[in-house]
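Participant: Line by line, the protein sequences give chains H and L. Under our numbering, the first sequence has 90 at position 90, and the numbering climbs by one with no breaks. Under our numbering, the second sequence has 21 at position 21, and the numbering climbs by one with no breaks.
Among these hints, one or two may not hold up.
[What the hints assert, rightly or not] Below, computed lysine to aspartate or glutamate pairings styled on DMTMM-like, alpha-carbon distance capped at 25 Å:
1. L:66 with L:102
2. L:41 with H:15
3. H:68 with L:102
4. H:99 with L:52
5. L:41 with H:56
[What the hints assert, rightly or not] One side of the interface only, derived from the structure: several residues of chain L facing chain H at Cβ under 7 Å:
6. 44
7. 93
8. 97
9. 99
10. 102
11. 105
12. 106
13. 107
14. 112
Honestly, the hints are just simulated from the structure, not real lab data. If you're wondering where the values come from, they're calculated on a predicted model, not measured in any experiment. For each residue, glycine too, the CB sits at the ideal point set by N, CA and C.
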Amino acid sequence: GENVEQHPSTLSVQEGDSAVIKCTYSDSASNYFPWYKQELGKGPQLIIDIRSNVGEKKDQRIAVTLNKTAKHFSLHITETQPEDSAVYFCAAESGTASKLTFGTGTRLQVTL
Amino acid sequence: GAVVSQHPSWVICKSGTSVKIECRSLDFQATTMFWYRQFPKQSLMLMATSNEGSKATYEQGVEKDKFLINHASLTLSTLTVTSAHPEDSSFYICSANRAGTEAFFGQGTRLTVV
């Protein structure tokens, strides 16, 4: 089955700096890669996603890049703000069952 | 965007009792819903795939007789934790996919078994 690894597990940046979180996946058949933000005690919230036919996608301060050959994808957050502090999960979807395999999560702390 | 609602948001039960958690897709029909479990400071682990009108598909290591899933309609799936024990205490989250789009997650249910 699919295996998703995520790094780093914790990340602390100063407000205004950029944050980068990286994930790798094992199943070359995976074709959909969402990123989720989870705040304490809440369910995950989709922040951006990318499909395997696209190399990069951007939405305001958030961007995702995908390298299918290397089987890795990354989340980039620019001009970080304190409200960006949360746990971020990457995921990969493979097969026709729409099953998601999640990474281990990154706790992002944006300090003033 | 689409909304998935879970109820209750938190529940405390005594060891040995059963607890039912509901997952509803409020503005779309979902033939498939997913149930996850998340322990503190850990990732989401898929427990089972809930299929409307048929039996759920459980992931390896998940006891189907302990975690009963019913998907009786296109907008409702339920997870019943039977004979709950303290080790079942966790954060349970459901998700649903609207056809051709991304997964939408519920707000989660914090189960504490005492």
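Participant: Run the structure past the numbered hints and jot down the numbers of the failing ones, going up.
Facilitator: 1, 5, 9 and 14
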